[in-house]
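K.L.:
With chain D's structure known, arrange chain L on it following the hints.
Going line by line, the protein sequences match chains D and L. Take the first sequence: its position 48, counted from the start at 1, is 47 in numbering that gives the first Met the number 0, and no numbers get skipped. Take the second sequence: its position 88, counted from the start at 1, is 87 in numbering that gives the first Met the number 0, and no numbers get skipped.
Careful, some of the hints might be misleading.
The list cannot tell twin chains apart, which means a pair is met if one copy fits it or any two copies do.
[Said to hold, decoys possible] Distance condition first, Cα-Cα at most 25 Å in a straight line; then the derived SDA-like pairs of lysine to any residue:
1. LYS51 <-> ALA76
2. LYS37 <-> ALA53
3. LYS37 <-> VAL25
4. LYS51 <-> VAL25
5. LYS37 <-> ALA63
6. LYS51 <-> ALA106
7. LYS37 <-> TYR93
8. LYS37 <-> ALA26
9. LYS51 <-> ARG107
Hints were generated in silico from the structure; no laboratory data involved.
Number of protein chains: 2
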Amino acid sequence: MDHNTDTTEQAALDSIHHLAIVVTDVAASVAWYQANFKCAVTYQDATWALLKFANTSMALVIPAQHPPHIGIQVDDAARFGPLTTHRDGTRSVYVNDPDGNALEMMARA
Amino acid sequence: MDHNTDTTEQAALDSIHHLAIVVTDVAASVAWYQANFKCAVTYQDATWALLKFANTSMALVIPAQHPPHIGIQVDDAARFGPLTTHRDGTRSVYVNDPDGNALEMMARA
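This is chain D alone, in the form it adopts within the complex (with noise of 0.2 Å):
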């Protein structure tokens, strides 16, 4: 496949909606990040934490809620598997890369 290889289609390509990573202690970690970075926090509980940056969103979630993973809003995303709809809203479908790296496969709206 050739999907947009030229660098000046930059509408064209898909986006990174957020990146997660695990964590053990959210409140903590929120804590740890905004004394380290200008970010602001979208959304904190005590299972995850969602934290805005200037051009997409990191995620903090415990071990038990999700695995390490990045959330790519695609087309077509039911294309990869059944989407499910989950508590924020979006719809999505986890896929694992060729070594097993989690990927969420997010509908864009």
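P.N.:
Frame of chain D, contents of chain L only:
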């Protein structure tokens, strides 16, 4: 600390320059990502590749080179330690968050 908790101040937030995941076969992974996403190959050799998405980039690195990490452009990156100049001209220092997640603190230019 209280950095920009007002989400209207997007221009002041730090940017995520790239996220790096580990792959075993760079060429095979580049082909897989291009088959599944609209992304552009900014750089590729046998040891790593850089894929451009609409809002940030994804680095595919072989295990010997780097840990999985998140590269974030920050003010005064040297506050995190001595900066190293890399083969692509960027200057950065690696730091672990409280849970051992690797972060690359990058100077802005």
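K.L.:
Take the hints in turn and mark each one as holding or not.
P.N.:
Against the structure, the hints:
1. LYS51 <-> ALA76: Both: 23 Å inside a chain and 19 Å across chains, each within 25 Å.
2. LYS37 <-> ALA53: Both: 9 Å inside a chain and 21 Å across chains, each within 25 Å.
3. LYS37 <-> VAL25: Result: close within a single copy only, 18 Å intra versus 33 Å inter.
4. LYS51 <-> VAL25: For LYS51 and VAL25, only the intra-copy Cα distance (15 Å) is at most 25 Å; the inter-copy one is 30 Å.
5. LYS37 <-> ALA63: For LYS37 and ALA63, the Cα distance exceeds 25 Å both inside one copy (28 Å) and across copies (31 Å).
6. LYS51 <-> ALA106: Both, since 20 Å and 20 Å are each at most 25 Å.
7. LYS37 <-> TYR93: Between copies only: 18 Å across chains, 29 Å inside a chain, cut-off 25 Å.
8. LYS37 <-> ALA26: Within. Shortest intra-copy distance 17 Å satisfies the 25 Å Cα cut-off; inter-copy 35 Å does not.
9. LYS51 <-> ARG107: both (18 Å within a copy, 19 Å between copies)
Consistency note: the structure conflicts with earlier hint 5 alone.
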